[in-house]
Amino acid sequence: MSATNGAGDRLEFRHAIRDALAEELERDERVVFFGEDVAAPGGVFAVTGGLFERFGPDRVFDTPISEMALAGAAYGAAVTGLRPVFEVMFGDFMALPMDSLVNQAAKFWYISNEQGTVPLVVRSAVGAGGRFGAIHSQIHATWFQGVPGLKIAFPSSPAEAKGLLKAAIRDDNPVLFLEHKRLYSVKGPPPAGDDVVIPLGEANVSRPGADVTIVSVGKGAADALVAASQLADEDGIDAEVIDLRTLRPLDVETVLESVARTNRVLAVEEGPRTGGWATGLLGAVAERGLHDLDDAWILATDETPVPYSPTLEDDFLPDAKKIADTVRERLGAAVR
Amino acid sequence: MSETQTTERTAEPAAYLDAYGRMLLIRLFEQAMHKLFLEGEVHGTTHLAAGQEAVPVGICLALDPDDYAAGTYRGHGHALAKGTDPDALIAEMLGRATGVCGGRSGSMNVIDLEHGLVGCYGIVGGSIAAATGAGLSAKRQGRVAAAFFGDGATNQGYFHECLNFAAVAALPVLFVCENNLYGEFTPMAAVTAGVDIAGRAKAYGMPAAVVDGNDLHAVHAAANEAVERARAGGGPTLLECRTYRHYGHSKADPGKYRPKAEVEHWLARDPLPRTRERLLADGVAEEDIAGVERRITEQIDRAVAAAKAAPYPDPVDERATEFAG
Chain C
13 MSATNGAGDR
23 LEFRHAIRDA
33 LAEELERDER
43 VVFFGEDVAA
53 PGGVFAVTGG
63 LFERFGPDRV
73 FDTPISEMAL
83 AGAAYGAAVT
93 GLRPVFEVMF
103 GDFMALPMDS
113 LVNQAAKFWY
123 ISNEQGTVPL
133 VVRSAVGAGG
143 RFGAIHSQIH
153 ATWFQGVPGL
163 KIAFPSSPAE
173 AKGLLKAAIR
183 DDNPVLFLEH
193 KRLYSVKGPP
203 PAGDDVVIPL
213 GEANVSRPGA
223 DVTIVSVGKG
233 AADALVAASQ
243 LADEDGIDAE
253 VIDLRTLRPL
263 DVETVLESVA
273 RTNRVLAVEE
283 GPRTGGWATG
293 LLGAVAERGL
303 HDLDDAWILA
313 TDETPVPYSP
323 TLEDDFLPDA
333 KKIADTVRER
343 LGAAVR
Chain Z
159 MSETQTTERT
169 AEPAAYLDAY
179 GRMLLIRLFE
189 QAMHKLFLEG
199 EVHGTTHLAA
209 GQEAVPVGIC
219 LALDPDDYAA
229 GTYRGHGHAL
239 AKGTDPDALI
249 AEMLGRATGV
259 CGGRSGSMNV
269 IDLEHGLVGC
279 YGIVGGSIAA
289 ATGAGLSAKR
299 QGRVAAAFFG
309 DGATNQGYFH
319 ECLNFAAVAA
329 LPVLFVCENN
339 LYGEFTPMAA
349 VTAGVDIAGR
359 AKAYGMPAAV
369 VDGNDLHAVH
379 AAANEAVERA
389 RAGGGPTLLE
399 CRTYRHYGHS
409 KADPGKYRPK
419 AEVEHWLARD
429 PLPRTRERLL
439 ADGVAEEDIA
449 GVERRITEQI
459 DRAVAAAKAA
469 PYPDPVDERA
479 TEFAG
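Those protein sequences? They're chains C and Z, same order as listed.
Take 13 as the starting number for the first sequence in my numbering and just add one per residue.
Take 159 as the starting number for the second sequence in my numbering and just add one per residue.
So here's chain C without its partners, still in its complex pose (with noise of 0.2 angstroms):
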């Protein structure tokens, strides 16, 4: 599972996230945190435990099972002086609190001609791969992907986690913060110092390359690395991985610079094709990179909900042998 198994690794993903929750709350009294399951309980996936006892029922408490209420909540309470970060359990709910976070919280901002900010952040599980189901397997990044106002960070990585959820929680504007369920118990090297931010809006180039450009995020961007490593070792394949960190804003320049030195890119989605990230990115990337270009193409799920079955729904998701095996389809001939 871990892409990043090895000497020196020490942080899981969970606690990476935990870790920042409690970084933030420390350092900044107007940051409260609040969901269903995650104070007394410590969250279903056992993220967000010791955070009630450190901190109290002001600043961490559980709340009903009102996603709507929540977020609106949330909304309320980030307008008037403080720093909420919420916990939809599953991005599967974030159909529920649609109307706040894309009616409200996105157009502040802009429409009470920035007399004031939004600093909230929506953190959720999302992703297949764990056998829930079609209804607690989604990733709602692109739900939400086309609304001015908000922003999307997927991290692939524990210092990833941690670096990019700081930075949310000190962002002014609303934040949904995608976790995938399958990296919770993924562990890596901590992040390099004791208060690492990172940017939102910027990708990584997680490894150089010359010959293919692959880009994703989340979990995607983690298999990617493995998919790289085996293209490599195996291949003689230089390729080089795109981590784009955040979906809202989308870091196309960072692409079309890597385009512009690999002349191919592929997109790796967990989720459908049409109306994905996927499909607008390299629509980006042919507006303005088509002369960089000898191939573009996407690995994406079928457009079909996630299934339930073990083989189907293995069958359903990109992983790094299919994105290895893509790259070899498409280029391996070229360039062994």
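It should be emphasised that the hints constitute simulated quantities derived from the structure, not laboratory data.
The beta carbon of each residue, even a glycine, is placed where N, CA and C say it ideally should be.
Just to be clear, a hint being listed does not mean it is correct.
As the list claims (entries may be wrong) - Output of the computed footprint for chain C on chain Z, the stretches with three or more beta carbons under 8 angstroms from beta carbons of chain C:
| # | segment |
| --- | --- |
| 1 | 281 to 287 |
| 2 | 423 to 432 |
Unchecked claim - Listed next, with one range per pair, are the computed distances between beta-carbon atoms:
| # | chain 1 | residue 1 | chain 2 | residue 2 | range |
| --- | --- | --- | --- | --- | --- |
| 3 | Z | H423 | C | D74 | 27 to 33 angstroms |
| 4 | Z | E480 | C | E65 | 35 to 41 angstroms |
| 5 | Z | V349 | C | V208 | 53 to 59 angstroms |
| 6 | Z | G241 | C | P317 | 28 to 34 angstroms |
| 7 | C | K334 | Z | A351 | 49 to 55 angstroms |
| 8 | Z | E342 | C | I147 | 28 to 34 angstroms |
| 9 | Z | H423 | C | V56 | 50 to 56 angstroms |
| 10 | Z | K360 | C | A107 | 26 to 32 angstroms |
| 11 | Z | G391 | C | G145 | 40 to 46 angstroms |
| 12 | Z | G315 | C | T286 | 26 to 32 angstroms |
| 13 | Z | A348 | C | V56 | 38 to 44 angstroms |
Once you've looked at the hints, dock chain Z against the given chain C.
Here is chain Z on its own, set in the frame of chain C:
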């Protein structure tokens, strides 16, 4: 729960004279909007609150300036009652750069943080959640938050989720239902179960009252009691203020579905003449009332003229940024 408030009034007649002036400001504002809409100066649509003035004015009379309020798309009265500058509000309606939101917002979504108005909401029930959230802040700040919403909003998920959440968290929130008997074009009774709105609070263990929403003094008394309880840590209150809008739902609606006798019944209970009569009965001089009326009329006339003369935002100069910071 009683229609008759026995609480003694807690403000001096001068404060009620001032409140009457604010009610008149809302009435004249809405009449001006009606006219400006027909002239093509107000764009899209607008929802007028004429007839309902006693509710926001009575509630806001019980609030401090730094308390919070959240209004509806029928929100001009909520903003003016909370203290929004009428010049800036009219300019906003006219899409001018001098508007309270620089012309970016329009009629339905006014925001005026300087006066504690966290927003007005184009989605029915949005104000309920916004005020609940403001209540989370208010609890730490020693303030209270008031949500204004219509009877239609009490059938939204927001209403039930937020009343429950505010009750369990003992948030200092006033849930103020302006029950004008119609959810858009449909009579409340056709789409709302139960005999009243206030009764729904019982399920959440929340104090509630039915209030004559066309009686400024009654609304103020009920609000005072709720605010006092909220500030003392006693949690939220639901106030069902029964009132009536003089215009239709929106500018697309002449309101012909309302029986003539019903309209006449409510026009006879118009909060403005009622408040005026009460002021006279309480010993306020006719000439003082007339003075306020003259001043407010001139204020609205001046504000309309100023807004019409104000520039539109220039798309070339517009320096919008997607994100704060």
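Structure-based check of all given hints:
Chain C is given as covering the segment 281 to 287 of chain Z, and this holds because 4 residues of the stretch bring a CB closer than 8 angstroms to a CB of that chain, at least three being needed. Check result for the segment 423 to 432 of chain Z against chain C: violated, 0 residues qualifying (beta carbon to beta carbon below 8 angstroms, three or more required). Range check, Z:H423 to C:D74: about 48 angstroms between beta-carbon atoms, so the 27 to 33 angstroms window is missed. A C-beta distance of roughly 39 angstroms is found between Z:E480 and C:E65, which places it inside the suggested range of 35 to 41 angstroms.
Between Z:V349 and C:V208 the C-beta distance comes to about 54 angstroms, which sits within the given range of 53 to 59 angstroms. In this structure, Z:G241 and C:P317 break the distance hint of 28 to 34 angstroms, their C-beta atoms being roughly 50 angstroms apart. Separated by about 53 angstroms at the C-beta atoms, C:K334 and Z:A351 satisfy the suggested range of 49 to 55 angstroms. Checked against the given bound of 28 to 34 angstroms, the beta carbons of Z:E342 and C:I147, roughly 32 angstroms apart, stay inside it.
For Z:H423 paired with C:V56, a C-beta distance near 55 angstroms keeps the hint of 50 to 56 angstroms intact. Distance hint for Z:K360 and C:A107: a CB-CB separation of about 31 angstroms, consistent with the stated range 26 to 32 angstroms. Checked against the hint of 40 to 46 angstroms, the C-beta distance between Z:G391 and C:G145 comes to roughly 44 angstroms, which is consistent with it. For the pair Z:G315 and C:T286, the beta carbons lie near 30 angstroms from each other, so the given range of 26 to 32 angstroms is met.
A hinted range of 38 to 44 angstroms for the beta carbons of Z:A348 and C:V56 is consistent with their spacing of about 42 angstroms.
Hint compliance for this structure: hints 2, 3 and 6 are not met, and every other hint is.
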